[in-house]
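S.K.: This is what each chain is made of:
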Amino acid sequence: MAALINVPAKAKRGDVIEIRTLTSHIMETGFRHTADGALVPRDIITSFTCRYNGTEVFRADLFPAIAANPYLSFFTVAKESGKFEFEWIGDNGYSSTASASITVE
Amino acid sequence: MPTTRRQFLSIAGGATVAGTIPIVTLRPLEATPAMLSTAIRNVVGEAQIRAGKIKLDIPPLVENGNTVPMTVSVASPMTANDYVKSIHIFNEKNPQPNIGNFHLNPASGRAQVSTRIRLADTQKVVAIARLSDDTFWQVAADIVVTLAACTEEMN
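Sequence order for the protein chains is A and B. Residue numbering for the first sequence follows the numbering used here, beginning at 202 and increasing consecutively. Residue numbering for the second sequence follows the numbering used here, beginning at 19 and increasing consecutively.
To be clear, the hints were calculated from the coordinates, so they are not data collected in a lab. Treat the hints with care, since some could be wrong.
Said to hold, decoys possible - Listed next, the in silico BS3-like pairs over lysine-lysine satisfying Cα-Cα at most 30 Å (straight line):
(1) Lys280/A / Lys103/B
(2) Lys211/A / Lys103/B
(3) Lys142/B / Lys71/B
Next comes chain B alone, as it looks inside the complex (with noise of 0.2 Å):
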């Protein structure tokens, strides 16, 4: 049976409507979120993330973001047999997701870096540890900055 033109217009329009579908749910993803859960997922893999064992210390409140004093610390013995192989910390609004790698060992007697970051917006910084049996930890800590670093003008 030739198909009609009827019959060909429904059968184009429905293509259309199924292929416009993705473009229409992607839309309302923010990218830098996506970007920092990629990010995390590099380094993680499919591990499942647990709360807890972590720590991070930042101000809730900065003025200025181009640098912002930070301490992350995990308990943990630091043992032949248990210890932590790595720190990673992240951020979601910044131009890119990652902060810093940290990698430690059993000689390193105490799980604790510091360091200073910097930080575009008001967002949220996640920390997370990698032990020595490949189980992840995380702690996320919210931070509201008042002068944005990283993309202003230079003088």
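In isolation and in its complexed conformation, chain A is listed as follows (with noise of 0.2 Å):
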């Protein structure tokens, strides 16, 4: 699945960088109803985790309450060059990955 990731490409050692991911998702609420009133099941993603260079920075659990499309924001410190790895995990086996890099100075 397609996902957006905006990190920095450069930044200097200690510097707090702000990492935004977006993917594309329907996260189905399991609430709504078709018109002839049968129920749509839920399809969402349960779960966000993100990795620089192997060690876990930040971690999300969602629930239906979040929109589709699911969009995140949140902040690291720029501690070495590398790589960043976004997991997204969701029902029906639902998993999707995307990495980033990073030159850290």
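Using the hints, put the two standalone chains together into the complex.
M.R.: Okay, structure coming up:
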């Protein structure tokens, strides 16, 4: 699935940087009905994790009250050059990953 | 002494009245605010919740409850000894009281998270922060929603 990741390409050591992520997902709440009354089954992302060179720096538990195409923005300290890995896990075995690199001077 | 019919009826009547009391007292309670406080207690336990330190940025009036931008931040130095462990967002009137839990650590640098949420009705949103010393800080905001999310029919 398509994901948009915004991580600064370069940062100074010790800088607090903002990371923004957006992934495409319907986030079906499980509370909606079709016109003929059938309940639309829940299909949401339940968990998001961000790892920085293998160490977890941010984790979120998501619920149906998160809007479709979940957007998350959070912060971390730029410690060393390397890779951010992002993982979204959801209902019906949903799993999606993305990554971004950073150069720390 | 054998129980007379009159005594029996007065005892039975008293028991019936006593039996109905819990039903009567339960009736005025609304279901969802009770779910909100239960959801908060599930996170906080018996700990005291204080006001302050945490800030919730959310528009007071939204036209479309399907996507409401929200930023929550906590005044914290985010050092190894004094940092925000987690931020929990709750609502009052959606079908479910939880919105999201965000887990931070000293490497976060700044205790601030933004996302977009759904609101099914005009209601209160509550944010609670858990600090590294296991104290809890709360803030609430009232939001007026003109188009509700979550429960509308699917086309």
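S.K.: Please go over all the hints and tell whether each is borne out by the structure.
M.R.: Hints versus structure:
{"no.": "1", "hint": "Lys280/A / Lys103/B", "verdict": "20 Å, holds"}
{"no.": "2", "hint": "Lys211/A / Lys103/B", "verdict": "27 Å, holds"}
{"no.": "3", "hint": "Lys142/B / Lys71/B", "verdict": "19 Å, holds"}
Hint check: no violations occur; every hint is consistent with the structure.
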